[in-house]
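Participant: What follows is the residue order along each chain.
Protein chains: 4
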Amino acid sequence: MNEIRVGIVGLGRLGKVHAHNLAYNVANATLYAVCSPLDSEIEYAKNELGVKVGYTDYEDMVKDEQVDAIFIVSPSGLHCTQIQLALKCGKHVFSEKPIGLNIDEINETISVINQYPNQKFMLGFMRRFDKDYLYAKDLVEKGELGDLTLIRCYGIDPSDGLESFVKFAGSSNSGGLFADMSIHDIDLIRWFTGQEVKKVWAIGKNAAYKELDDVGELETGAAMLQLGDNTMGILVAGRNCHHGYHVETELIGTKGMLRIAQVPEKNLVTIMNEHGVVRPTSQNFPERFSQAFINEANDFIECILTDRQPSVNAIDGLESTKVALACKESYEKNQLITV
Amino acid sequence: MNEIRVGIVGLGRLGKVHAHNLAYNVANATLYAVCSPLDSEIEYAKNELGVKVGYTDYEDMVKDEQVDAIFIVSPSGLHCTQIQLALKCGKHVFSEKPIGLNIDEINETISVINQYPNQKFMLGFMRRFDKDYLYAKDLVEKGELGDLTLIRCYGIDPSDGLESFVKFAGSSNSGGLFADMSIHDIDLIRWFTGQEVKKVWAIGKNAAYKELDDVGELETGAAMLQLGDNTMGILVAGRNCHHGYHVETELIGTKGMLRIAQVPEKNLVTIMNEHGVVRPTSQNFPERFSQAFINEANDFIECILTDRQPSVNAIDGLESTKVALACKESYEKNQLITV
Amino acid sequence: MNEIRVGIVGLGRLGKVHAHNLAYNVANATLYAVCSPLDSEIEYAKNELGVKVGYTDYEDMVKDEQVDAIFIVSPSGLHCTQIQLALKCGKHVFSEKPIGLNIDEINETISVINQYPNQKFMLGFMRRFDKDYLYAKDLVEKGELGDLTLIRCYGIDPSDGLESFVKFAGSSNSGGLFADMSIHDIDLIRWFTGQEVKKVWAIGKNAAYKELDDVGELETGAAMLQLGDNTMGILVAGRNCHHGYHVETELIGTKGMLRIAQVPEKNLVTIMNEHGVVRPTSQNFPERFSQAFINEANDFIECILTDRQPSVNAIDGLESTKVALACKESYEKNQLITV
Amino acid sequence: MNEIRVGIVGLGRLGKVHAHNLAYNVANATLYAVCSPLDSEIEYAKNELGVKVGYTDYEDMVKDEQVDAIFIVSPSGLHCTQIQLALKCGKHVFSEKPIGLNIDEINETISVINQYPNQKFMLGFMRRFDKDYLYAKDLVEKGELGDLTLIRCYGIDPSDGLESFVKFAGSSNSGGLFADMSIHDIDLIRWFTGQEVKKVWAIGKNAAYKELDDVGELETGAAMLQLGDNTMGILVAGRNCHHGYHVETELIGTKGMLRIAQVPEKNLVTIMNEHGVVRPTSQNFPERFSQAFINEANDFIECILTDRQPSVNAIDGLESTKVALACKESYEKNQLITV
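Residue numbers (the UniProt record's numbering), protein chains in the order written: chain U, 1 to 339; chain V, 1 to 339; chain X, 1 to 339; chain G, 1 to 339.
Treat the hints with care, since some could be wrong.
A pair counts as met if it fits within one copy or between any two copies, since identical chains are not told apart.
Pairs of lysine-lysine, DSS-like flavour, derived with a Cα cap of 27 Å [stated by the list, open to error]:
#: 1; residue 1: 333; residue 2: 322
#: 2; residue 1: 88; residue 2: 322
#: 3; residue 1: 255; residue 2: 266
#: 4; residue 1: 210; residue 2: 198
#: 5; residue 1: 255; residue 2: 167
#: 6; residue 1: 16; residue 2: 131
#: 7; residue 1: 255; residue 2: 210
#: 8; residue 1: 137; residue 2: 266
#: 9; residue 1: 131; residue 2: 142
#: 10; residue 1: 137; residue 2: 210
#: 11; residue 1: 97; residue 2: 63
#: 12; residue 1: 142; residue 2: 210
Hint data in this document are derived by calculation from the structure and do not stem from the laboratory.
With the hints as constraints, model all of the structure from the sequences given.
Facilitator: Here it is in structure tokens:
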């Protein structure tokens with residue numbers, strides 16, 4: 001077997017990114033099947049991506065003997081059951097984050113994963129596959145920064161999505177700002193330090209859209225994290241970034257500091273005009289992490305082909321979710337929470 | 001009266017900066033007298049700065065009828081009594097931060113200040129007079145950033161002072177990392193937002209010098225602040241900055257973000273060599289804030305000459321000290337503290 | 001036909017880049033055959049890239065009926081004859097720059113190209129497919145910079161190749177600094193302005209390796225170009241860049257300025273350490289233009305599949321070579337040369 | 001004598017800068033007299049700067065026995081005669097650049113200067129006193145860049161002055177773009193390299209205001225310079241910079257590159273808003289070089305007090321003017337000119 005046939009569930013914004021990569025940019029992978037409730041999405045996959053089979057029922061797809069591996073890019077609430085079903089049908093599984101929305105179902109999913117040790121399971125923390133983050137990780141491991149003492153992570157979505165978020169907040173369930181936006185940052189903190197979070201305090205402020213107070217949602221929030229060895233974590237999350245998609249990570253060590261995307265430069269262009277000296281900015285996550293999504297899919301396929309365990313696993317999903325939920329609770333109670 | 005005769009107490013590192021400015025760079029001021037226990041410092045002032053009179057006793061200087069105004073740049077523990085004495089002798093007073101080390105003596109000092117409404121009192125939060133901070137303040141006031149939701153402040157001293165700090169920690173009393181390093185940042189948060197801090201959590205980690213744990217001092221610390229209107233504050237303070245003197249302030253508003261000294265650029269030079277693309281950095285506070293010290297002294301003299309109240313007053317000293325002490329307590333108890 | 005079978009000649013440093021892209025990153029292309037005098041390179045292609053057929057004789061490869069298109073990445077002196085031969089055998093042709101080394105053989109090649117209008121010919125000016133250059137081109141075409149008045153182009157190779165260049169200079173024929181390094185820059189100037197160069201003056205200086213004077217080679221050179229409508233061009237070329245691979249392009253227009261890779265940032269990482277604030281740098285052209293090479297190959301394949309003429313053609317090769325040769329002559333005579 | 005009494009001639013834009021500095025920011029100097037044909041300027045000097053005496057006739061001022069030194073900030077055409085007159089009356093002289101407009105009168109002035117070796121003469125190339133340039137000079141002298149091979153200098157004035165320049169071009173005599181704008185850059189090239197220019201070619205283009213062609217003026221120009229030891233110089237000069245006042249200098253050496261004001265950052269502020277990541281820019285020369293003007297005046301006064309020769313002398317004025325005039329001639333003839 002040296003070409004992995006993949007079936008994908010979910011063809012929304014991020015689903016389309018994964019589907020396109022699997023069709024064109026991932027070595028030794030074929031995008032064989034898609035599953036979507038929408039005919040138009042299935043047609044798209046057949047016409048644009050050369051997909052052979054379209055399913056409207058997930059169970060049918062995971063039972064297709066031609067399919068080797070499943071990509072789950074469905075709504076977060078479905079991840080746990082879809083992971084379990086795919087594993088039980090003998091498939092390798094890649095799931096987008098979060099692994100699940102509550103701790104019980106995640107734990108149950110982990111026990112299922114553990115029953116199928118010969119099938120690969122990988123969670124979509126794609127930043128770990130971004131070249132900038134890998135460059136930073138390498139420097140950390142070489143000791144260039146000394147011992148890490150503080151990590152600061154910003155994850156702020158562009159303002160252009162905020163209007164519609166405000167409209168649907170309350171009816172939809174985002175999981176809260178920290179689960180929705182900071183989960184990648186929490187994973188990065190664990191990845192860089194190898195430590196777990198022990199205490200958090202989270203706060204927030206609604207200023208442009210005070211009506212978000214009523215539905216328990218946040219425009220901008222911040223959390224401070226105390227890790228096992230006292231390393232400090234700072235999270236800033238938000239939905240109101242006028243300059244685009246601001247994902248920034250800072251590592252402070254005893255020998256130096258390092259920032260990944262200190263400002264979210266879109267490219268190598270600098271413009272000088274009546275506004276001053278201007279660097280254009282990344283506008284959204286598919287733009288910022290386009291290559292990281294390709295890299296993680298390549299790695300997943302390679303894990304299958306070379307029988308290697310993926311580096312991002314279900315425990316990473318469990319632990320990061322625990323911290324995100326602790327932030328949510330801390331914000332709601334305005335108290336320190338022990339994870 | 002259009003030339004103010006100043007007497008200065010304290011000729012240490014910062015004292016010399018103020019003395020030099022008063023002698024050469026401040027309009028309508030004459031550095032008339034100095035007070036120091038060291039003959040060598042008095043000699044220096046006479047020879048290098050053209051000072052007429054040298055005192056070894058502070059009380060003698062404040063009683064000198066030729067002196068119009070006193071600059072206090074002595075050890076922090078002396079500020080309160082020296083402020084009070086100078087006021088009682090009819091002098092205008094400029095005092096370096098902090099106004100005092102405990103709340104009681106500060107309150108007592110404030111009541112003395114209030115008894116002499118015709119004499120000017122100004123506290124040395126010089127960052128408010130730095131052109132970069134003033135440029136940012138102006139943008140905030142014009143509404144360019146919208147409503148402020150979060151302020152992040154870094155104040156990290158260069159590593160080259162850390163070795164000696166570790167040696168003397170315990171014997172000397174720094175007041176703790178937050179009082180020592182973050183007091184300017186706390187003042188900035190109050191200045192930019194017009195809000196008071198209501199809750200804090202402070203944490204820290206000693207990694208290069210774990211022996212600091214034993215004397216209750218910190219290499220690096222962080223605090224999160226909740227302000228009256230829920231605006232968020234983040235403080236990072238430290239003593240171990242290998243690239244120099246890192247003072248950075250970020251304002252996040254509903255319409256934009258702004259950073260002052262995102263990286264502590266020393267000048268307009270960019271070097272490209274085997275290390276990559278390198279911007280040299282500011283190495284210490286006299287370098288970074290050299291012009292701000294001149295500006296604040298000019299402002300103080302102008303306040304006297306034009307009978308205007310200084311914009312930085314004793315209440316600013318009181319409130320910022322309260323927050324610094326709350327950070328200290330929070331760190332020591334590892335609890336949320338209400339200010 | 002919706003999968004183009006490609007044969008590549010030349011598996012040196014750049015040849016390997018193209019071969020790898022054709023094998024893995026180019027949609028609708030199969031790397032079917034390679035041609036190399038070295039068995040080891042053919043083995044590499046078969047084992048690593050899944051190539052079916054290896055040739056040691058170029059004529060054999062271009063006569064292979066299974067091959068639809070030829071990629072020429074051989075030494076510059078062979079380009080013209082290999083282009084002509086491939087066209088005569090009915091193949092589409094992609095050739096690396098330069099199209100040739102002298103004007104006569106280029107003109108002859110162009111007349112052959114013109115005899116096969118149904119076969120695509122494309123020249124490898126990959127910068128036109130780099131996203132940063134495309135972003136700039138788009139702004140120029142939207143009029144964001146107004147009318148262009150000056151273009152400045154730097155192309156400086158890393159110092160680590162200089163030692164060996166000095167060793168072999170004289171025996172090898174680089175074509176001279178301007179043909180070797182500036183040809184891409186000359187193409188960019190023509191591409192951005194739509195103008196041809198009318199006059200040039202080129203100068204140079206050998207300082208680290210004065211022995212290059214003896215063999216007529218240059219460590220660093222500069223040329224100034226006057227274009228048809230008086231737009232100004234400035235070229236700086238070199239072989240002694242200690243910070244890596246410095247390719248920078250500046251556009252000055254009546255409404256603004258724009259720089260592409262003002263400094264050759266390797267990634268989004270900023271490091272602060274004892275050297276100051278450091279941005280790591282790109283080290284060589286395969287790193288800097290990795291995605292551009294993929295994009296141009298994709299475009300070439302798409303041109304074939306959709307029967308579209310490539311945007312980079314033989315005239316671009318001819319005109320840029322004329323200017324490079326004029327720079328060489330100008331430097332040698334220290335005179336203004338009319339192209 | 002330890003307080004130098006200065007008389008200044010010319011109270012235009014730059015004259016006011018010098019006058020203000022002499023009144024307030026220069027140690028051991030007193031602004032004693034001013035000379036201006038306008039009563040309003042004399043009144044300004046008396047009221048705002050505390051000047052004692054106002055003259056409408058230059059000869060009267062230089063004969064005033066109370067005056068020790070003369071600052072010449074009058075129109076360029078008057079510099080030579082005013083320098084000579086002041087020297088003959090026994091005064092020390094500081095003259096703004098250029099020293100003169102033609103080579104003959106400059107040579108005559110130099111011979112007068114040589115007759116008064118005990119009086120100081122200094123020319124106003126203030127960039128040599130700017131801390132960024134001094135920092136760069138220091139690195140060059142320490143050998144950090146190796147041998148210099150190329151210097152690139154940009155001097156582009158803000159667009160907001162262009163409209164009025166176009167209106168008065170022809171009637172006024174700017175001396176041409178290179179004499180008007182590049183003279184500082186030419187001085188910098190001589191200062192950094194210690195070499196004289198031997199050959200130049202200058203070109204230009206009028207695009208926004210083509211009517212400038214008719215009066216022999218330029219919106220934007222460029223010149224390439226070959227120095228005595230083959231070091232290369234590149235000048236870009238202009239009057240149409242939309243982002244402010246762009247003065248940038250680059251040094252390329254055998255060991256590294258260095259840029260002073262790669263972009264003309266106004267301060268340490270970075271703004272992120274709907275335009276992207278924005279650095280505000282310097283808007284004009286009094287802003288960009290405010291401290292350099294103070295430093296050069298301090299140095300001039302110190303030269304007098306310590307009987308030291310100023311580092312910028314009349315020969316610097318002569319040689320830089322020669323090169324500027326060669327650029328003008330080269331542009332007019334579109335030929336290479338040997339200086």
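Participant: A separate judgement is required for each hint: does it hold in the structure or not?
Facilitator: We went through each hint and held it up to the structure:
no. : hint        : verdict
1   : 333 <-> 322 : both (16 Å within a copy, 24 Å between copies)
2   : 88 <-> 322  : within (26 Å within a copy, 60 Å between copies)
3   : 255 <-> 266 : between (29 Å within a copy, 20 Å between copies)
4   : 210 <-> 198 : between (31 Å within a copy, 20 Å between copies)
5   : 255 <-> 167 : between (47 Å within a copy, 19 Å between copies)
6   : 16 <-> 131  : both (22 Å within a copy, 22 Å between copies)
7   : 255 <-> 210 : between (42 Å within a copy, 15 Å between copies)
8   : 137 <-> 266 : both (22 Å within a copy, 15 Å between copies)
9   : 131 <-> 142 : within (16 Å within a copy, 32 Å between copies)
10  : 137 <-> 210 : between (39 Å within a copy, 24 Å between copies)
11  : 97 <-> 63   : within (23 Å within a copy, 52 Å between copies)
12  : 142 <-> 210 : between (46 Å within a copy, 22 Å between copies)
Checked against the numbered hints above, the structure violates none of them.
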